[in-house]
Amino acid sequence: MGDDADPGEMSCAQLVELVTDFLDGTLDPDTSDRFEEHLRICDGCDTYIEQFRRTIDTLGSLPEAGLPEDARDALLNAFRDWPR
Amino acid sequence: MGIEAGEGEQPFPPDSELVARLRGRDETAFVLMVGSWSGGLLRLARHFVSTNDSAAEVVQDTWLAVIHGLDSFEGRSSLKTWVCRILVNTAKRRGVREGRTIPWSSLPVAQDQGPTVDPARFLGPESEDPGHWRVFPQPWPMPSPEQEAVAKETRAVVEEALTHLPDRQRIVITLRDVEGYNAEEVCSILELSAANQRVLLHRARAFVRGRLEEYFAGAKAAADGG
Ligand SMILES: [Zn+2]
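These protein sequences, in sequence, are chains X and W. Taking this note's numbering, the leading residue of the first sequence gets 597, the next gets one more, and so forth. Taking this note's numbering, the leading residue of the second sequence gets -2, the next gets one more, and so forth.
These are computed hints drawn from the structure, not numbers from a lab. The model shown is predicted, which means the values in this text are computed figures rather than measured ones. Think of the CB as a built atom: it goes at the ideal place given N, C-alpha and C, for glycine as much as any other residue. Just to be clear, a hint being listed does not mean it is correct.
[As the list claims (entries may be wrong)] One-sided and incomplete, this derived list gives chain W residues near chain X with beta-carbon spacing under 8 angstroms:
{"no.": "1", "residue": "Glu24"}
{"no.": "2", "residue": "Gln57"}
{"no.": "3", "residue": "Gly128"}
{"no.": "4", "residue": "Glu156"}
{"no.": "5", "residue": "Ile170"}
{"no.": "6", "residue": "Val175"}
{"no.": "7", "residue": "Ala218"}
Whenever a hint applies, use it, and build me the whole structure from the sequences.
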């Protein structure tokens, strides 16, 4: 990643691109340290991550449709008819 | 007899038990599996094909392929991931017939590159603290249990945001965040590299977050304005 800033410090603009890696635990140890270091002092990024998590939670709560009943019945018949 | 997904909290059997029961032609197990997984499969199928009917047919064909293939399932992935891979392959073929091909191999393309947050939100190189937020993101109101209406609206915003995503981003975020597969499973289902999975997922999440941010800012402005 092309860093023109001090490699020791992560900027907010850099951090927001790494949130998915951070949440998946796939940052390398050094980047992970700098990420957490930044989070400790930056309320803006803390809020950003909080909102990212909330976004993910909302995605996980979307309602699902189901198969129409006749389709389910047809499948059950196919299952019954499948030879052992 | 309830076979809708999410009806009651039936304990879902572990793979080893489920597969054994299915191979023994246990209809209850089959009904439970179809009832629990078809909703997610339908949602996913819809991203590959042109109509809801077409998506339902893809799901139907997938379950038929699962019945036929049960005895050859080797358990190298979870049963659900295996079913999902069959669905994706079925849906891809169907999509091609409908003239909808999704170029999985050509990455990255323009829409998958560049910053995921508007660079104008950060201080520029002329400042003392380049790359720092100009203005912090505004915290969103906390959801409270009695505000089911708000939660419903929030879900509608997210649902709508998904429709604006490029196909690949939409499919990856659906698998990861809506359906809850892990990164490794998504890579195996879509035959994606870990890096591409990450790029697509991150962009998609950032976009959906941005839509929610606009929604909450608009709701606040409306409330403040009277
Ligand atoms: Zn920050």
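Cross-check of the supplied hints:
Hint status for Glu24 (chain W) relative to chain X: holds, with the closest Cβ pair at about 7 angstroms, below 8 angstroms. Interface hint at Gln57 (chain W): satisfied, since its Cβ lies 6 angstroms from the closest Cβ of chain X, which is below the 8 angstroms cut-off. Because the beta carbon of Gly128 (chain W) sits about 3 angstroms from the nearest beta carbon in chain X, less than 8 angstroms, this interface hint is met. Satisfaction of the interface hint for Glu156 (chain W) is found here, the shortest Cβ-Cβ separation to chain X being roughly 6 angstroms, below the 8 angstroms cut-off.
For Ile170 (chain W), the interface hint holds, since its Cβ comes within 8 angstroms of a Cβ in chain X; the closest pair sits about 7 angstroms apart. The beta carbon of Val175 (chain W) comes within 5 angstroms of a beta carbon in chain X, closer than 8 angstroms, and the hint placing it at the interface holds. Taking 8 angstroms as the C-beta contact cut-off toward chain X, the hint placing Ala218 (chain W) at the interface is violated, the least distance being around 18 angstroms.
The structure is inconsistent with hint 7 alone, although it conforms to all the rest.
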